[in-house]
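Student: Chains A and F, in that order, are what the protein sequence lines are. Taking the working numbering, the leading residue of the first sequence gets 1, the next gets one more, and so forth. Taking the working numbering, the leading residue of the second sequence gets 1, the next gets one more, and so forth.
In short, the hints are calculated from the structure, not lab data. Treat the hints loosely; a few may be bogus.
Copies of the same chain are indistinguishable here, so a pair counts whether it falls within one copy or spans any two.
Unchecked claim - Cut-off 30 Å, straight-line C-alpha distance, at most; resulting in silico cross-link-like pairs (DSSO-like, lysine-lysine): (1) K299 x K339; (2) K299 x K337; (3) K299 x K329.
Predicted model only: the values in this text are computed from it and were never measured.
There are 2 protein chains.
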Amino acid sequence: MEEEQLQALLRDLDALKQRPDDPASIDRMRERVVAMMNPAAGAGSRSKIKDMSAEVVDSNPYSRLMALQRMGVVENYERIRDYSVAIVGIGGVGSVAAEMLTRCGIGRLLLYDYDTVELANMNRLFFRPEQVGMTKTDAAVQTLSGINPDVVLESYSLNITTVKGFETFLASLKARSSHERSTGVDLVLSCVDNYEARMVVNQACNELGQTWMESGVSEDAVSGHIQLLVPGETACFACAPPLVVASGVDERTLKREGVCAASLPTTMGVVAGLLVQNALKYLLNFGQVSPYLGYNSLKDYFPTMEMRPNPQCLNPACVQRQKEYMDSKPARDAAAKAKMEAEASAASECPVHLDNEWNISVVDDEDAATSSIRSTADVLPEGLVRELPAADLYPEPPAAASSSAIDDDLEELQRQLDALNSS
Amino acid sequence: MEEEQLQALLRDLDALKQRPDDPASIDRMRERVVAMMNPAAGAGSRSKIKDMSAEVVDSNPYSRLMALQRMGVVENYERIRDYSVAIVGIGGVGSVAAEMLTRCGIGRLLLYDYDTVELANMNRLFFRPEQVGMTKTDAAVQTLSGINPDVVLESYSLNITTVKGFETFLASLKARSSHERSTGVDLVLSCVDNYEARMVVNQACNELGQTWMESGVSEDAVSGHIQLLVPGETACFACAPPLVVASGVDERTLKREGVCAASLPTTMGVVAGLLVQNALKYLLNFGQVSPYLGYNSLKDYFPTMEMRPNPQCLNPACVQRQKEYMDSKPARDAAAKAKMEAEASAASECPVHLDNEWNISVVDDEDAATSSIRSTADVLPEGLVRELPAADLYPEPPAAASSSAIDDDLEELQRQLDALNSS
Chain A
1 MEEEQLQALL RDLDALKQRP DDPASIDRMR ERVVAMMNPA AGAGSRSKIK
51 DMSAEVVDSN PYSRLMALQR MGVVENYERI RDYSVAIVGI GGVGSVAAEM
101 LTRCGIGRLL LYDYDTVELA NMNRLFFRPE QVGMTKTDAA VQTLSGINPD
151 VVLESYSLNI TTVKGFETFL ASLKARSSHE RSTGVDLVLS CVDNYEARMV
201 VNQACNELGQ TWMESGVSED AVSGHIQLLV PGETACFACA PPLVVASGVD
251 ERTLKREGVC AASLPTTMGV VAGLLVQNAL KYLLNFGQVS PYLGYNSLKD
301 YFPTMEMRPN PQCLNPACVQ RQKEYMDSKP ARDAAAKAKM EAEASAASEC
351 PVHLDNEWNI SVVDDEDAAT SSIRSTADVL PEGLVRELPA ADLYPEPPAA
401 ASSSAIDDDL EELQRQLDAL NSS
Chain F
1 MEEEQLQALL RDLDALKQRP DDPASIDRMR ERVVAMMNPA AGAGSRSKIK
51 DMSAEVVDSN PYSRLMALQR MGVVENYERI RDYSVAIVGI GGVGSVAAEM
101 LTRCGIGRLL LYDYDTVELA NMNRLFFRPE QVGMTKTDAA VQTLSGINPD
151 VVLESYSLNI TTVKGFETFL ASLKARSSHE RSTGVDLVLS CVDNYEARMV
201 VNQACNELGQ TWMESGVSED AVSGHIQLLV PGETACFACA PPLVVASGVD
251 ERTLKREGVC AASLPTTMGV VAGLLVQNAL KYLLNFGQVS PYLGYNSLKD
301 YFPTMEMRPN PQCLNPACVQ RQKEYMDSKP ARDAAAKAKM EAEASAASEC
351 PVHLDNEWNI SVVDDEDAAT SSIRSTADVL PEGLVRELPA ADLYPEPPAA
401 ASSSAIDDDL EELQRQLDAL NSS
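Looking at chain A on its own, in the form it has when it is part of the complex (with noise of 0.2 Å):
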């Protein structure tokens, strides 16, 4: 589309070039230039759209995801509008974290990064060689405001782990934002590279009692793992800390002259998706939210395990988050109670099961025949055959006595005995 506007600003130059004394050229071809500055609104993106609509036409771009719905994947997928994500470290994580997210339609995403784009990035997915120099937020907000411009976008090119920083960061998780249906964040995604910051997401989340996910790749590249923090109810990122951490110095500097760590896009790939799809399954209600969950790229090997919270924390909030959820027991389960009854009480007045992927259905026993239960299955939708012969059509035995003479021989014994028992 861009090529376009290019090419009708060539022929624009060239028919100048035929007849210079024409100023309403200029004028045309200096909109066209605006035009193609602000690409967000510019001919060839697309406009905003009000409603997420089901619709299966290739203009819609949100009809495979609202199709989870028709799967029965997901109860209501528009509510993805209403939510708002934080995203801590747009690097080689986050950048892909939040170009998921806003694919998806999310209705906020808050960006936070002090970082610029450079080469050495490139073999991570998202950024591209001409945003080299420009800020990671800035340039993730052209990117992504491009490729979605429904998703509200915040960029803060900040340091949480200053005093200053940390005090726009605290206050921008808590900001009722100007996005109508949203107060505060739903979520919070770490995506940093190192221990200081994720100390610093842990610290906000804990006094905030805001619900974060961490997630890591280890220095050689080929390891990571994604995982859940629930203050109080989870451990926090000080529950169990490392044995070692820097101490009084930049932890880079520890690192030695003109050593760095390897990266992958294939393992920080992985490691953003398996992200976002614990977050999508947490706010969108469906699945199984993963407590932690590890990726071994050298083995394929992803292990599991969860962690409940340290009432020895050194961190006083996630001591009184602790406390909280402990004092709060009591009324999780009524409501717990109340749910669970609510439910059965709802289950008895429909079905037990509203799918039957296998065919089942309660054959009465009088007309009870095996060929019959066995030949609806066999029914394929128009257009479908079977690739191979069906080898679990095995031949009927050949002496099978029929179930009703079994009946009547049980029946004919009964009498005799009953006749020896009245005699």
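Please arrange chain F on chain A, whose structure you already have, making use of the hints.
Tutor: Below, chain F alone, put in the same frame as chain A:
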């Protein structure tokens, strides 16, 4: 960068309006527009790089990949430039796989698809709204050449399930490329979305004896898989076909009117990541290449399995490859034995363990003192402190007899025994 070019264009237009009789300025504008139409060659993008460098500078796009060598993950990362990979199907999985391989610096990529970009594809990664209407292969080449100009890209906008398309597909897989170091392709990645196309890729790879990897995502968007297929050695795609397939009609027509499959950028991103990770392990010879890996996102469950070829496979080329594989067994066994012996003799000349993660050292019995071992492990590099008090530092047992005292006792006992025996 393009922003700057547009700004310059605006200034030129404004100047031209003041002084309309300046044809030179029109030529200058024309040059700017042409430069913008070819962004890969323009300012802002990077030039080609002759050799991959491990130098750690922000301007080196390969520093984080070459670091895989220093970390001991990959023996020779730069070999990736010698490899050619064909990707069939440039959709939600194939396009991301192509971007990952491009950013990893693969030598040559062959891209096959016959479809065009639609807004309905925007819920998956890679394509942008302004590319709507372009063929997927052209749009992919546009984006990928901008990301990494070192990769040789070949675009095939064709349907491999037609007779003519299949011929071109087969010929392109066999062709010696213009890329100096490559003949044919080293790996085929199938990222198609239907059974017919998978059977065509299977047929081509069986005929050529070409190793390939299959990928797929379920219609409800919440699960997927990848699979390695080595003709003759593993099951081919026809060895264990699905029980029910479309016959005589286009699979697409089987789908109900107005109904479309669901898709998610998360599931497709994870499958693309697992697929390319497996491809990297296969090409660069590290880790364990997975024969089959499933992904159930609702439960974060990742099943694995292996499938031997079916001697009764209906695909004649598969049966032929199986025969060749059996016939070559003695030669394979001999080669494996020779390799093992060579490694064994090499191993006898150097230490068994080159790395020593746990700081284990052999201590001379004469000088043995447990405290000295502990003190070595206790020394941390400068700038590191322990986060927790060392819980494994038990107080010394109060009545601990020194080991030399015990030795003295034993020696005394031995002397007494000797005395008894000699008396």
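Student: Hint by hint, where does the structure go against what was stated? Just the numbers, ascending.
Tutor: none
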